[in-house]
Structures are given as structure tokens and as C-alpha cells.
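*Asks:* Here are the chains, one letter per residue:
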Amino acid sequence: MSTQMPEVEVLTDFAVREHRSLWLDAWRRMKASRTAMLGLVVVVVFLLSAVGAHLFWNYDAKTDLDYSSKLLPPNLVSSTENPNVHIFGTDKLGRDIFTRVIHGGWNSLRVGLVAVGISLIIGCLLGLFSGFFESFEMNRIEKLVLMSGLGLALGLLPAWIASQWYQTLLFGGLGAAAVFVEKKLAQSKLRPVLFAAAGALLGGLSGLLLAPLVGLVCGVVGLLIGLLLNKPVNGKAFSSITMRVMDILLSFPSYLLAIAIVAFLGPGLEKGMIAIGVVGIPVYARLARSAVLSVSQKEYVLASQSVGEGHGRILFKHVLPNILSPIIVQATMGLASAILSAAALGFLGLGAIPPEPEWGAMLGDSYKFLSSGAWWAVLFPGLAIVFSVLGFNLLGDGLRDALDPKMRTK
Amino acid sequence: METLMRIKDLHTRFHTQDGTVNAVNGISYAMQAGEVLGVVGESGCGKSVHALSILRLIQIPPGEIEAGEIWFAGRDLLKLDDSGIRKVRGREIAMVFQDPMSSLNPVYTVGFQISEALMLHKGMNKNQARERACELLNLVGIPEARKRLDNYPHQFSGGMRQRAMIAMALSCEPKLLIADEPTTALDVTIQAQIIELVIRLQEELGMAVMWITHDLGIVAEMAQNINVMYAGFLIERGNVHEIYHQTRHPYTLGLLGSLPSIDEAPGTRLISIPGLPPDLIGLPQGCPFYARCAFRADHCRLERPELEEAGSSGHNVACWRWREIDAETLRKSAGGAQ
Chain S
1163 MSTQMPEVEV LTDFAVREHR SLWLDAWRRM KASRTAMLGL VVVVVFLLSA VGAHLFWNYD
1223 AKTDLDYSSK LLPPNLVSST ENPNVHIFGT DKLGRDIFTR VIHGGWNSLR VGLVAVGISL
1283 IIGCLLGLFS GFFESFEMNR IEKLVLMSGL GLALGLLPAW IASQWYQTLL FGGLGAAAVF
1343 VEKKLAQSKL RPVLFAAAGA LLGGLSGLLL APLVGLVCGV VGLLIGLLLN KPVNGKAFSS
1403 ITMRVMDILL SFPSYLLAIA IVAFLGPGLE KGMIAIGVVG IPVYARLARS AVLSVSQKEY
1463 VLASQSVGEG HGRILFKHVL PNILSPIIVQ ATMGLASAIL SAAALGFLGL GAIPPEPEWG
1523 AMLGDSYKFL SSGAWWAVLF PGLAIVFSVL GFNLLGDGLR DALDPKMRTK
Chain B
2 METLMRIKDL HTRFHTQDGT VNAVNGISYA MQAGEVLGVV GESGCGKSVH ALSILRLIQI
62 PPGEIEAGEI WFAGRDLLKL DDSGIRKVRG REIAMVFQDP MSSLNPVYTV GFQISEALML
122 HKGMNKNQAR ERACELLNLV GIPEARKRLD NYPHQFSGGM RQRAMIAMAL SCEPKLLIAD
182 EPTTALDVTI QAQIIELVIR LQEELGMAVM WITHDLGIVA EMAQNINVMY AGFLIERGNV
242 HEIYHQTRHP YTLGLLGSLP SIDEAPGTRL ISIPGLPPDL IGLPQGCPFY ARCAFRADHC
302 RLERPELEEA GSSGHNVACW RWREIDAETL RKSAGGAQ
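Protein chains in written order, with the working numbering: chain S, 1163 to 1572; chain B, 2 to 339.
Rather than coming from a laboratory, the hints here were simulated on the basis of the structure.
Just so you know, not all the hints are guaranteed correct.
Computed beta-carbon distance windows for the label pairs [to be verified]: (1) Lys1193/S - Lys127/B: 30 to 38 Å; (2) Lys88/B - Val1307/S: 18 to 26 Å; (3) Val1343/S - Leu206/B: 42 to 50 Å; (4) Val1355/S - Thr17/B: 27 to 35 Å.
Don't be surprised by glycine CBs; every beta carbon is placed ideally from N, CA and C.
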């Protein structure tokens, strides 16, 4: 026997796939999809024009006014009759529509980013915490933070009714108190009564300072909050309370809720951002929670726990990266719907304040002139909305396919 | 030898909608430093749950460690606070899990995951931890360890992932390694490699190993002592020789009988234990094995046997009729009946 045993290294040298990260892999699949690339191009053009216009193209909406050239049709070349080039025409105040469409893009982008940012951050945090603590026991500090946070959030309702904002602090305190008396009153039958009474007093007494009726309403709301906070302090309770609040938010038609919030806050682009952002929170919260629930059961989470990692580390380093892809897809789609919602609010006069260029507001300004033949004043802002929404939707679809683990075969 | 860990009357329960699942019902035993202990039993007999209880990795709720003491290095693990138990996990007691496919996080490189524990417990900086991770991968027999540090788990085969998991578990030189069916998901050749690896490392590093499995063949090869569990009870405990040759519990006997042997004549039927383990929600009042036992007597149904010394010291069994069970003669008679 002269054949030698191959070396150990050869024996154990398993077939190695080419080094490829998840994101590189996803990018390859994105490139293969034509619609996704189309979406990406549209989005990039939109982003570049919006950011470029904001940075390098000065435009003062307040002084832009020229009655001599109002409602001019699109005019591509300069002639003696029409010396000024308006490639998209002009609107009822003689403003160049092209300029306003481009600058309106910046506003739409701002609304989209801020609104999605609000819903993404708040929604994801709520979803992460409620999903995570369903399978992990909370320690005292986490209990304190989450329960007082819950109290603060629930306290917003009576505080808003009585417009006494300090009430949120009172209910936040009640949430914290629930943690402190947890051990002492755990078995006591008096506990729900105490909490209901405390809630009713916190809401009712401070409401009474305004009017008896306000005191009554706030008292009842406070009583309910007290009963909610009285539930045993654990992840399940936190999760179910948060999710029920999300259900309530979801049960309103989203535009109606956004309009209601703007009506309360007052018109303006920034208020619109907040309204659209708040309306979007439940979507992210539910998405994140369901993803966290499934990831928390994975063995690598148990493994990271078994080497002694703390909750924060496990949640943000091991769970969060594994739930990112559905959230990224949802955020991209969310940008499209936020732009659409902003346009809807603008059209109704609840978004941007008039001279400010905003696509929805431009539509709302000009649709009355459609009957007199000024189609350009409506068409171009409308197309801008259509293309930006389409672009983000195509990109989102492409991302969803690209990030889908079931597609990772190639 | 010095006692490493002493478990006293451990009870772990799960409160589910259908009722309370009694997963671990009063287990007591001690482990010596440097000992290799095999824990065997059918699926769902509380092997894994009792191991997870040691590290307090039971999900609460629905789980709850209701009673007991786990003394490890002079303190009761069940009485430690949150940060206290976290310092034990990984540093003093490490764990390797069953499924190597899902026990590494897919979004991080293997090197990062091994260094994480090092940075956490040993306060190493990134480069030191990386160096140490490389050494560890070498130690567990992964070729070209330095290159492999930057690989993602999906680029590793199942056996290599389990090696990486073992490297991770060994990173802080624990005194006790709990291996929860680490070879169940692997094929037989890889299984043998992993067992060999753990035995080699156990001898080199002098740590104690608790090897949980349902495969009596594996523990016969590597363990010094064996705990046999059934329905959350410890029913027999002894050294390998006692368990295999002086078996005293009918259940252990059944487990051994259901192992195929190469010497058997072709066509010999394997002996299987009839029935299923009892429902852990409503445990029977008497011996948990009563319904399936070939040696049962009326008394067994009424009163639960306690663990008592059988024959030699260190060999314990929980059975009313252990005196009448003599493994050798039984085996002979079974052979004669064929």
C-alpha cells in the first residue's frame, strides 16, 4: 500500500460558498428585477431634484407673484410673444409651475421622511418591547421604564380632554407606582379598587379645576387607566395593552384620523408630518412585534442568553438585525403612502400653508381652473405625486422580493 | 474529588392553558469537578428543562422554577439576582444546544459571535478577542481558522457550526459544559468527531461535562456517571458499569433493550417499551412508570418510590422492586426465550 492518506486539511475542507453578505445578495437580486430598478431610478431622480432644489435653487414662495402672466400654457421656447419659458405653464398667480413642482418635491420628501421616521421609531420600539418581553422576564428597571411610559402614553387622553398636559406626568407616576407596590399588594383584593380610585382621583380632581363636566369625563377615563395599570406588571400585560391601543388607532380610517389630528394641532406642514406619523405607528408596531415573537424563539437568542448577555444587548444586537428586512420594505412603502397622505392633507388645505409649494396644495389651488382649460396647472403636480408614489412602491416591491429569504437560492 | 455542583430537590413547572406541566419533579444529585455525566431519557422527560433550569434559562412565564437549590461554587444559583446569574452564564457554566443550524445568529460572522462572549466576560478589546477566537477555532479543529473567522454561519456545514458553538462555549473556560443533545442533528461520522472533540477538550481543560442525550450508546462511551430520567424524575443514577451491567430500574432496562446490538442474530426483534410517557400535566399518584412497567405490583400504583441506594454506594434507584431485577439473568432469559 503506497497510497498515502490525504492530509487532514483536505479531508475537512468543505465546499465553501463565495463570501457574500445578505445585503450584497439582495442587491444582486434587485439588479435582476427591471421594475425594481425603474423604481430605484425614479426615487433617485426624485431625491436628487428635491435635495438639489432645496440646496442650490433659491425660491421665495412669498414674493413669487406675477399677475401679468397668470395661467399661461406650457411654453418651451422663448419668443417675442412669450418671452419667459414656462415648461409646465403658470398657475393662477402667474407662478412657474415647474419651479413649484420641483420645490414641492422637497416638502413631500420632508413630510415622507419625518412622518415615516416618527412611525418607524415609535412603532418599532413599541413592537420590539412588547414582542420581546412576552418571552423574557422584565427586570425591575425595565418594568419601571415601560410601566411609567405606558402611564404617560395613556395619560395623554385625559390630559388632552382637559388640556392639562401635566396630567400625563400624574399617570406616568401611577404606572411607576404600580411597579413599587407590585410585591406588597400582589395578592390583595383591594388592589384594583385602589388603582381605580387613584386613577379616578388623578384625572377627576385636576379636571375639576376646569369644569365639573371635564372632571367627570377625566375621572372616568382615569378610572379605566387605573384598572389597566392594575394588571400584573409583566411583559404580557404591557404587550396586550400596547397592542389594544394600536388596534384602536388602526380602527380609524387613516385619513380621517390624520385629519382629526391636524384639526386638533392646526394646519401646517410640520403638524401634517406628526399626524401622518402617528397614524402610521400601529403598522410598524405590529410588524415588529410579530417578527420579534418568532425571532425570540430561535436558538441563537437562547444561545446568546446562555453566554450571559443582557436584555438590551440581545434585543438590539441579536433580535433587531434579524427583523430588519420586513421593516425596511414597510418603510419604503410607507414613504409612498406618507407622500400621498401629505398631498391629501395639502389638497384639503390642512397641510402646507398656501404660498408654500406643495403638490397636494397646488392641486387644490388649481382644480377650479380645469374647467377654463388650464389643464397644466393640475396635470404636472398630479404627475409628480403619481411618479413619486409609483417609484417608492416599485422599489418597495423589489426590496421585498430581494430581501425574501425564500428567494435566496441563486 | 471536589463537588462542583449540588442540585437539591429541583422543581420546574410550566403553567399553560391546559394545566400545569410538571417538567422536573424534585431532582437531587451532585456533580464532581471534572466529571462527565450523561443524562439520558426519552423525549419530554425533563432532561433539557432541568439543564436550562441550572442556568435559569427557562422562559418565565409560562415556566417557573418552583423549588430547589442549585449550589455551584459555594452559592445557590437560584437565589442570584439578574446580573449575578448573567456572570455565571458563559463564564462558569456554558451550554451547547441541539440544533447547530439555528444556534448561530445568521447576521453576524462566526468570529464576531465567538469574540462577543470574550469581550463581555473577559473585558478583552476587539483585537485580543479576535486573536483568542482564532485560537479557539483552531482548538476545535476548524481548518484555516483565521480565514473562517469572517465567514457567516451559512457558509459553515452543520458539523462546523457545532464546533463553532463549542468554541463559543469554551471561550471563557467554564467549569461546567452542558451539552444538550449536541449531536442529535448531525450524521454519525460527524457525531463521532464531536464526541471525540469534547472528550479531548474535557481532558485538556479539566472541566466537567453534562452530556444530555437519548442515545445510551454515546454516553456509554464517554461518561463516568449516568442519570436516567423519566417523566421529570431521576429514576436511576450510577456509574456506567452499574447502569449497563447491574441495571436496577425496569425503565433503564427497557432503554438498554431497545438498543440494537451487532451480536444479535438476524431477525431478532428489538424490545420496545410499550405505551407512552405519562402526561406531565396530571402525573399519576404512584410510580410514574407504572403504566408501562413489566414488573409492576399494586403497591407501585399507590406510592411513589424514592431514590434509594441499590447495592453499591453511588448507585441509586427509584423502584419498589429493584431487588428482584437482576439485569444479567433477565438478559439471559430473554435470550433463551428467543
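*Asks:* Verify the CB-CB distance for Lys1193/S and Lys127/B against the hinted window 30 to 38 Å.
*Replies:* 33 Å, holds
*Asks:* Please test the hint of 27 to 35 Å on the beta carbon pair from Val1355/S and Thr17/B.
*Replies:* Roughly 30 Å apart at Cβ, these two residues keep to the hinted range, so it holds.
*Asks:* Within 42 to 50 Å or not, the Cβ separation of Val1343/S and Leu206/B?
*Replies:* 49 Å, holds
*Asks:* Given the hint of 18 to 26 Å, is the C-beta distance from Lys88/B to Val1307/S inside that range or not?
*Replies:* 23 Å, holds
In this structure, every one of the numbered hints holds.
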